[in-house]
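*Asks:* Given chain A, put chain B in place with the hints provided.
Protein chains in written order, with our numbering: chain A, 7 to 434; chain B, 5 to 521.
Warning: the hint list may mix true and false statements.
[Said to hold, decoys possible] Sample of chain A residues facing chain B (criterion: CB under 10 Å; computed from the structure):
#1 R31
#2 C35
#3 T38
#4 H62
#5 T80
#6 C121
#7 L174
#8 L383
#9 E388
#10 S389
[Said to hold, decoys possible] Some chain B residues flagged as far from chain A (calculated, every beta-carbon gap over 12 Å):
#11 T180
#12 V190
#13 R493
Hints in this document: simulated from the structure, not taken from any laboratory. Just so you know, even glycine gets a beta-carbon here, dropped at the ideal spot from N, CA and C.
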Amino acid sequence: MTELPRLPTSGGCRNTPILKQRGQREVFCGLTGIIWLHRKMQDAFFLVVGSRTCAHLLQSAAGVMIFAEPRFGTAILEETDLAGLADAQDELDKVVDELLVRRPDIKQLFLVGSCPSEVIKLDLAKAAERMTQRHAPSVRVLNFSGSGIETTFTQGEDACLASMVPVLPKTDDRQLLLVGALPDVVEEQAIGLLEAMGIGPIKVLPAPRAGDDLGIGENTVYALTQPFLGDTHDALTRRGARHLPAPFPFGEEGTTQWLAAIATEFGVTPDLFEKVTAAPRARARKAIAQAAEALHGKTIFFFPDSQLEIPLARFLTRECGMDAIEVGAPFIHKGLVGPDLDLLAAGPTISEGQDVDLQLDRAKSAKPDLTVCGLGLANPLESEGLATKWAIELVFTPVHFYEQAGDLAGLFSRPLRRADLLKLEGTQ
Amino acid sequence: MKLTVWTYEGPPHVGAMRVATGMRDLHYVLHAPQGDTYADLLFTMIERRDHRPPVTYTTFQARDLGADTANLFKTAAQDAYDRFKPQAIIVGASCTAELIQDDPGGMAETMGLPVPTIPLELPSYQRKENFGADETFFQIVKALAKPMERTKQVTANLIGPTALGFRHRDDIQEVTTLLSDMGISVNVVAPMTSSPQDIAQMGAAHFNVLMYPETAESAARWMERELGQPYTRTVPIGVGATRDFIAEVAAISGNEAYLDTSRLRLPWYSKSVDSTYLTGKRVFLFGDGTHVLAAARIAQDEMGFEVVGLGCYNREMARPIRAKAKEMDLTATITDDYLEVERVIEQLQPEMILGTQMERHIGKRLGIPCAVISAPVHVQDFPARYSPQMGIEGANVIFDTWVHPLVMGLEEHLLHMFREDFEFHDAAGPSHHGGHAPKPEDGGGPAPQPAASPRSLSGKMNEGSVIWLADAEKELKKIPFFVRGKARRNTETFAAERGVAEISVDTLYEAKAHYAR
Numbered sequence: 007m008t009e010l011p012r013l014p015t016s017g018g019c020r021n022t023p024i025l026k027q028r029g030q031r032e033v034f035c036g037l038t039g040i041i042w043l044h045r046k047m048q049d050a051f052f053l054v055v056g057s058r059t060c061a062h063l064l065q066s067a068a069g070v071m072i073f074a075e076p077r078f079g080t081a082i083l084e085e086t087d088l089a090g091l092a093d094a095q096d097e098l099d100k101v102v103d104e105l106l107v108r109r110p111d112i113k114q115l116f117l118v119g120s121c122p123s124e125v126i127k128l129d130l131a132k133a134a135e136r137m138t139q140r141h142a143p144s145v146r147v148l149n150f151s152g153s154g155i156e157t158t159f160t161q162g163e164d165a166c167l168a169s170m171v172p173v174l175p176k177t178d179d180r181q182l183l184l185v186g187a188l189p190d191v192v193e194e195q196a197i198g199l200l201e202a203m204g205i206g207p208i209k210v211l212p213a214p215r216a217g218d219d220l221g222i223g224e225n226t227v228y229a230l231t232q233p234f235l236g237d238t239h240d241a242l243t244r245r246g247a248r249h250l251p252a253p254f255p256f257g258e259e260g261t262t263q264w265l266a267a268i269a270t271e272f273g274v275t276p277d278l279f280e281k282v283t284a285a286p287r288a289r290a291r292k293a294i295a296q297a298a299e300a301l302h303g304k305t306i307f308f309f310p311d312s313q314l315e316i317p318l319a320r321f322l323t324r325e326c327g328m329d330a331i332e333v334g335a336p337f338i339h340k341g342l343v344g345p346d347l348d349l350l351a352a353g354p355t356i357s358e359g360q361d362v363d364l365q366l367d368r369a370k371s372a373k374p375d376l377t378v379c380g381l382g383l384a385n386p387l388e389s390e391g392l393a394t395k396w397a398i399e400l401v402f403t404p405v406h407f408y409e410q411a412g413d414l415a416g417l418f419s420r421p422l423r424r425a426d427l428l429k430l431e432g433t434q
Numbered sequence: 005m006k007l008t009v010w011t012y013e014g015p016p017h018v019g020a021m022r023v024a025t026g027m028r029d030l031h032y033v034l035h036a037p038q039g040d041t042y043a044d045l046l047f048t049m050i051e052r053r054d055h056r057p058p059v060t061y062t063t064f065q066a067r068d069l070g071a072d073t074a075n076l077f078k079t080a081a082q083d084a085y086d087r088f089k090p091q092a093i094i095v096g097a098s099c100t101a102e103l104i105q106d107d108p109g110g111m112a113e114t115m116g117l118p119v120p121t122i123p124l125e126l127p128s129y130q131r132k133e134n135f136g137a138d139e140t141f142f143q144i145v146k147a148l149a150k151p152m153e154r155t156k157q158v159t160a161n162l163i164g165p166t167a168l169g170f171r172h173r174d175d176i177q178e179v180t181t182l183l184s185d186m187g188i189s190v191n192v193v194a195p196m197t198s199s200p201q202d203i204a205q206m207g208a209a210h211f212n213v214l215m216y217p218e219t220a221e222s223a224a225r226w227m228e229r230e231l232g233q234p235y236t237r238t239v240p241i242g243v244g245a246t247r248d249f250i251a252e253v254a255a256i257s258g259n260e261a262y263l264d265t266s267r268l269r270l271p272w273y274s275k276s277v278d279s280t281y282l283t284g285k286r287v288f289l290f291g292d293g294t295h296v297l298a299a300a301r302i303a304q305d306e307m308g309f310e311v312v313g314l315g316c317y318n319r320e321m322a323r324p325i326r327a328k329a330k331e332m333d334l335t336a337t338i339t340d341d342y343l344e345v346e347r348v349i350e351q352l353q354p355e356m357i358l359g360t361q362m363e364r365h366i367g368k369r370l371g372i373p374c375a376v377i378s379a380p381v382h383v384q385d386f387p388a389r390y391s392p393q394m395g396i397e398g399a400n401v402i403f404d405t406w407v408h409p410l411v412m413g414l415e416e417h418l419l420h421m422f423r424e425d426f427e428f429h430d431a432a433g434p435s436h437h438g439g440h441a442p443k444p445e446d447g448g449g450p451a452p453q454p455a456a457s458p459r460s461l462s463g464k465m466n467e468g469s470v471i472w473l474a475d476a477e478k479e480l481k482k483i484p485f486f487v488r489g490k491a492r493r494n495t496e497t498f499a500a501e502r503g504v505a506e507i508s509v510d511t512l513y514e515a516k517a518h519y520a521r
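Only chain A is shown next, with the shape it has when bound in the complex:
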């Protein structure tokens, strides 16, 4: 295979004690995941059962998408639904019937739990079962929770994918499953590279359509493309599939190692691996070098948001020459991000969870050159003189694999370049 990445001489972060704090958390709930999932799963509708707050959240987070007839909506609970729970189930049936009549193209319907529906213990699992029978075979109804009390931001995707795993048909075929919703262009690149090495058949979860022949079984091996898929990982393991641990495919190094883990499993020769990856690796390195010029020697501070923080910190420190001060994640699953932690040189504070005021105090006293944070914090920090990169963009923008490596570095260098460009203060 190709040369192994050097482990950091100072030791990695795998065994660094994690700073765990509890307090106010400035994060999205899992409902937000719907916004990108519904684009990926073209015959699915996501029906949130919640309050006006849930609808308002989706509208605020989805921005202009809301005007493009999205395949998601909120069944807003009203006073009468709260009075008696039997009512709520009938009401839900009514809303769903109405919806399916209006949107006959829907093949998968997800009932998405929210904080209010979880707190009143509205049994969406039972509702989903009942509706599956009622609307079989044209529509499959599943449920998962995207509530804030249980899920943070990207965990919504995890909960959704995990809900699909138990109903996948069984297959004994030897196959590779790529897990995690990626922009189509990125997914095609990944599959292209793997197929060029003779690896196949390759399936993806989530599949674009419910009817796609996706099965699972003991001869399935799977690679995760996203670090936040802990529950999906567990569900797949329960179905007998086997995980291929690897760093996540960000940057040239991450992508190469991720591919290498799969190539090893499928017995790809080093020569073939080299032949397939040499050109895109060189391209990625060149693109990163250009985009990362502004990043060398700069310090970075991550607020928790998406669980992408650890792999991204690994990419930025190793391939772009940045120094990490704190890497905060909403949740750290060592079984998944362990390989990334191994590569991340010891030094930064690794934190899980949040007490936002205390974390802001740390960030302000550390004065990082770049702070990665949510939209509720970005402008306030900018006004205090800290350059920020708002984190949600990292989830929506194609950033995985070789061809996006330069764009990924560019997302981080742009705020710094802009700060250099603007001459706004003290003009004489």
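*Replies:* Relative to chain A, chain B alone:
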């Protein structure tokens, strides 16, 4: 349960946040689950605030449910006080916390914080954002304002402006100028710009200017009753309304009515010949009640439009809107369902829509020009430049904003003259407005295109059963695009009424003659 994709208003605690964020030295402790902090970004992004909203969320999680959430609330409230040292605290629950029944108000009272602690009851499953703002401001005023000696000179409070309010920032300045020209100074502007200490001084004003009934009417009524302060009923949006407002202020204050019209341009612009083409433009109005009422008067009396429909999304204003509609011989559309608004617009086929962000998108979809007159709005409607809606400059701003999306008079004329010209054909659309520009070719642009099919949740989209003959269809295409929709609809109605199944060129022109004004 009600299926919802778009909501005109957020939940009531967002209204409370609008009050808290508008104020200074006030803190809001909100009992809410992890995730509800999303609302912060409305203020930091849409309104581009450079500070975090003064809101502490308890952000409870599933593992906290049970006895622990009450403790979580107390800790959060204590921490918020210690860190921010506000002059007063408001406490309340979001929709989820309302269900777990921790009673934030009661808990906060027992904590003995050394500043006033004002509990909020905001029924999340019945009411919405505007109610939340109105109720919160009312509770704050009720708790802090006291009767006191009036100022020696005539002063007024400006009440109603909040964070995330449509043009509230600049309306404050404009109304302050109007009053100042009459020798009246402003005592307190609230909730926006004021601190709890300022609220305590509100009783010193001689009267209140109720700028936005949606967010301050309850407080205005209470102050009238308890502090003896009358409040203004006219909202000074538009020239006529501004004049009425001045007269009303004169009557309340005893000061002489005075309006400096040296910068007022709307009346002349509207009279000038280039505006003749505005005559009878059919407009549909939708938004919050206050802005729609004001817009109806401007549209009819000051722009010479024909109002073909109006409505509002906030039920609190349903009565005045219905009354206005009746006066104009129309049916009011009172709904918070955008699909219903879309249906009404489709049916009315107006030449212009004056509405919210949502109506802008409906307009885009239907190819109808639109200007924004009311919240909810996106970031572009919190502009850097001075752009009030109220008073003299507000009238100027409104004239420009409403006229801009329409094809200008001369341009309309030229399009008529040269519509067969290969470079200047009508499909090219007006030069300054993207709404009519030819749609990008397949895969041609990054703009999100509406899903092709099935068209929408509204389902139906039946073509009429009337058939257009090829010649008539060709003739129809010669009609400029901005009136073609109306011509098509009129002709079809004309044909249907007469039981004509096929539309020929003659039918087209018979219909034209029939509908000629």
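*Asks:* Give a verdict on every hint.
*Replies:* To see whether the hints hold, each was checked on the structure:
| no. | hint | in the structure |
| --- | --- | --- |
| 1 | R31 | 5 Å, holds |
| 2 | C35 | 3 Å, holds |
| 3 | T38 | 8 Å, holds |
| 4 | H62 | 4 Å, holds |
| 5 | T80 | 5 Å, holds |
| 6 | C121 | 4 Å, holds |
| 7 | L174 | 27 Å, violated |
| 8 | L383 | 7 Å, holds |
| 9 | E388 | 7 Å, holds |
| 10 | S389 | 3 Å, holds |
| 11 | T180 | 26 Å, holds |
| 12 | V190 | 27 Å, holds |
| 13 | R493 | 24 Å, holds |
Hint check: a violation occurs at hint 7 only; the rest are consistent with the structure.
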